[in-house]
Amino acid sequence: MGLLGRITNFSRNLFSRRKLDHDLDEELQSYVDLAADAKHDRGLSTEDARRAALVELGGAEQVKKEIRGARAGQLFLELLQDLRYGFRTLRHNLSFTLTAVCVLALGIGANATIFSVAYGILGRPLPYADADRVAVVYMHYFPRDFEFGTLCIRDFLTWRDNDRSFEQPSLFHTARMDLGGTEAVPQQVRGASVTAGFFPTLGVQPLLGRTFAPGEDKAGSTSLTVLSEAIWRSRYASSPSVIGRAVTVNGTSSTVIGVMPASFQFPRRDIEVWVNLPLNPPTRYGPWFYRGVARLKPGVTLAQAQQEINNIAPIMMREYPYYKKLTLPILSLRDSLLGSSRPAILILAATVGMVLLIALVNVANLMMARATVREREMALRLSLGAGRGRLIRQLLTESTLLAMAGGAAGLALAWVGIHLIRVSNPGNLPLVESVQLDGVVVAFTVFVSMAAGILFGLAPALTCARTDLNATIQESGRTGASSSRSTGRLRAALVIAEITVSLMLLIGAGLLLRSFVNLQRVTGGFSAPPSRILSVLISPGNRKYNDPATGIAFYNQVLERARHVQGVESAVLTDSLPPDRQGDADTFSLEGQTLPPGEINAIISSPTIGPGFFHTFGIPIIQGREFDAHDNLKSRPVAIVSEGFVKRYFPDGNGIGKRIRQSDVNWMEIVGVVGNVKYLGLTADTDSAYYKPFLQNFDPRMALVVRTSVDAASLGETLRNEIQSIDPGVTLAQIGTMEQTLALSVSQPRFDTMLLGLFAAIAMLLAAVGIYGLIAYSVVQRTHEIGVRVALGAARSDVVRGVVRQGAVLAGIGIAFGLAGSLALSRLLENLLFGVGATDWLTFAAAPLGILFVVLLATLVPALRASRISPVEALRYQ
Amino acid sequence: MPSTHLLQGTLDLLILKALALTELHGLAIANRVGQMTGGTFAVKPGSLFPALHRMQDAGWLTSEWGESENNRRAKFYRLTPAGRKQLQAETREWKTISLAIAKALESN
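Order-wise, the sequence lines are chains D and S. In terms of the working numbering, the first sequence opens at residue 47 and continues consecutively. In terms of the working numbering, the second sequence opens at residue 1110 and continues consecutively.
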């Protein structure tokens, strides 16, 4: 039979069911008539013949059922029936349904949200051609010791000349740049300088124009500019005629040659211009600003490339003996974009999975409690001839229906969650724009919901189907309890599992919380209130300010105007800002220090600061003095070092009067020792630094920092206007308070802590509901027994104690498992922790107490109810 | 009437065979099967009717209401071309199997 015939049958069976049934009735009737006739002919009386024929037919209903079962599409019909019945049952038990749907929505919604984050960031293909074939190249060496440190141009040339694994080694670095031109006032933009191989490596076509051609990174190349789509739209009004236009970048004239689409966001999301990087022959080693990027040659794996590039390291060390233990770590493009986010995201995903598990256990528990109540219904239906398979199917339909409702509500929750994460990006997550609610997320949610429905439906369904007919029907109690002993044990096990998992989550959240509190306590080394410090990056734009005399005059004017703004207490210049904006870092030499040949001192933060820096930030001056206005080009060069520096480099503990030199510059006399300040993030263990006075080390790009007597955020606009009124060509960027900077620097740990805390709280709540349900149910079941005991003289307190003990035993077992699990797993959190061990005893002691408290609270309600059971009623009840 | 449990799958073949010559109603099919097998197989309505409906769904049979030999309304079944083909195929298969089994039983 062809497909058409099958469909005809199927639809006939579905849509003319009544007619078919009628037809069948008639057919069977006619059979009986004919058979009776035949038997009558053979000599039986009419009545006997008829009876014999009926007997021969057997149960007419049985036959009909079998015929219906054989029809095409029958399964579908039964499914419809089950669905209808399921809907009715769920509607009749509205409070059960709502509870279950809410619990599921919470679990599934949280999972769909975190899944979309994890998939968006870790899994979604990057918008670059064959992105997994692109690698980013770093340099790691001592004494600098940054695992993913940067290279200088000479290192790049060595790599390029010796490379064998990559198609076209290329180099890039990012910097703030001034973009000017006739179209508008200059503005500071986030820019990248890149060699000619950069764009071909990433393989993205420009939206407009072209990218850099081979050779356009040769020494002395003219400056060319590629714009981002965003700045093309905002600054150039999306004009196609921008190609070929002359602009100025950092005061140098440059030609716009192309526009990249918005999806192109390498090496950073906020890059607005890419300029060509001319590989002028470097006169010395450094500055170490650069990272490499290149595409693997066909057939070469990342691991092979890593091995190959390791062979270049000895060459680099030979060429520059300062490098010690040098390696060239390479990362895939995605890993380089992710930074340290991967473990946190994976942990969140695992955590949220556990929450879902608890939610499922809870719903399974609810279903099983209900299944026990429904035992009689099931037994009745079995005895009326329903097949056990059919009953299981019916129950699974119900649970799947429930799960789908939960899934739909969960998807709505996820939509809100994803929207929030995309809009505000509270965790400062990389690649957040790839986090979206799309087909993959919906498919995941549907899959999870279906799996959930089957998972939590199966246990109760099987229990039901095992129902012992006789026992149940003979049972006179309102709640049939024939299988409740094994069911009860299973439910207790589920509750123990809930407690175990909640405790593990709670310990995880506790560790993160402790670590976050520690992080909050880290001050960065300054005592000025963060809300009273405002900073702004200044770039004078015009090249004339590159001359120290003009530049210093300009900055004096800036300071002058800033100090006159109402609410400003002090104003100061710096190129570095705590907690994580290191301006410059370099090695140094100390007078009288003899290093083994080829050794250099560590490369450490070396901020350039103006007079009053330490006072403004509230950084303690431990010895000597601050820089003042007299430390200028006419006076002897001076420096200030940090406490940590003295400790490490001056065994006699005294730094004042000693002399220090940055590479081959003048010797500077140390005139002060100050407290340690963090310039590489709050968690970094960096305390050595040497400071140079601005007036002796002029740099045209500085940050202005003001300490205010009012809320610093309110002064931003005034300061901007004041500074730009000196010269409209001046560009400003990153106006913000220290409070905002600090918040941003801890945003990812805060996000992790918040989410894990939230998940732990949900888990605990669900576990409490679970244990409450179990105990309350067992109290109801034991009403009779408790009544008898009270009647026989048991004290109320004995009853309460008995019930509470039941909960406490479950909690105890769960806590034991949970502690063991946490000890085994908390090591995974180690990378996310700061100032607290993965087996912090305080957390490991407090979390179980918290769980115990919640469990006892959840037990107390039914316990008190049990104590109020009146023996008279209890005995009547059965 | 001695009765033997029908082998799984043989009922279909017997029904097809019973309908090979002419269209018949349910009782007549049962009688014809009994007659064809010399009374070895007695088809009970409890298995006959489900089989008939299943085979009709499969497209091997068609049915229509008609008059029985003693003027009662009855549903008559007839082979479709697909049913005829099925009969040939099943007959061939059955012969192969029964031959093989006979051989197996005769071997020492």
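Incorrect hints may have been included.
Straight-line alpha carbon distances no greater than 27 Å define the calculated BS3-like cross-link-like pairs of lysine-lysine that follow [as the list claims (entries may be wrong)]:
id	chain 1	residue 1	chain 2	residue 2
1	D	K65	S	K1194
2	S	K1204	D	K111
3	S	K1153	D	K110
4	D	K65	S	K1184
5	D	K693	D	K371
6	S	K1204	D	K85
7	D	K110	S	K1126
8	S	K1204	D	K110
9	D	K111	S	K1153
FYI, nobody ran anything at the bench for these hints, they're computed from the structure.
Quick rundown of the hints versus the structure:
1. Between the alpha carbons of K65 of chain D and K1194 of chain S the distance comes to roughly 30 Å, so the proposed pair goes past 27 Å and is violated.
2. Among the hinted pairs, K1204 of chain S with K111 of chain D is inconsistent with the structure: their alpha-carbon atoms are about 34 Å apart, more than 27 Å.
3. Proximity of K1153 of chain S to K110 of chain D is assessed by CA-CA distance (about 14 Å); at most 27 Å being required, the pair is judged to hold.
4. Restraint check for K65 of chain D and K1184 of chain S: satisfied, since their Cα atoms lie roughly 15 Å apart, inside the 27 Å limit.
5. Of the pairs offered as hints, the one joining K693 of chain D and K371 of chain D holds, with about 25 Å between alpha carbons and a cut-off of 27 Å not exceeded.
6. Restraint check: the Cα-Cα separation between K1204 of chain S and K85 of chain D comes to about 36 Å, which exceeds 27 Å; the hinted pair is violated.
7. Of the pairs offered as hints, the one joining K110 of chain D and K1126 of chain S holds, with about 24 Å between alpha carbons and a cut-off of 27 Å not exceeded.
8. Of the pairs offered as hints, the one joining K1204 of chain S and K110 of chain D is violated, with about 33 Å between alpha carbons and a cut-off of 27 Å exceeded.
9. Of the supplied pair hints, the one linking K111 of chain D and K1153 of chain S holds, its CA atoms being roughly 16 Å apart against a limit of 27 Å.
Hints 1, 2, 6, 8 from the list above are not met by this structure, while the remaining hints are.
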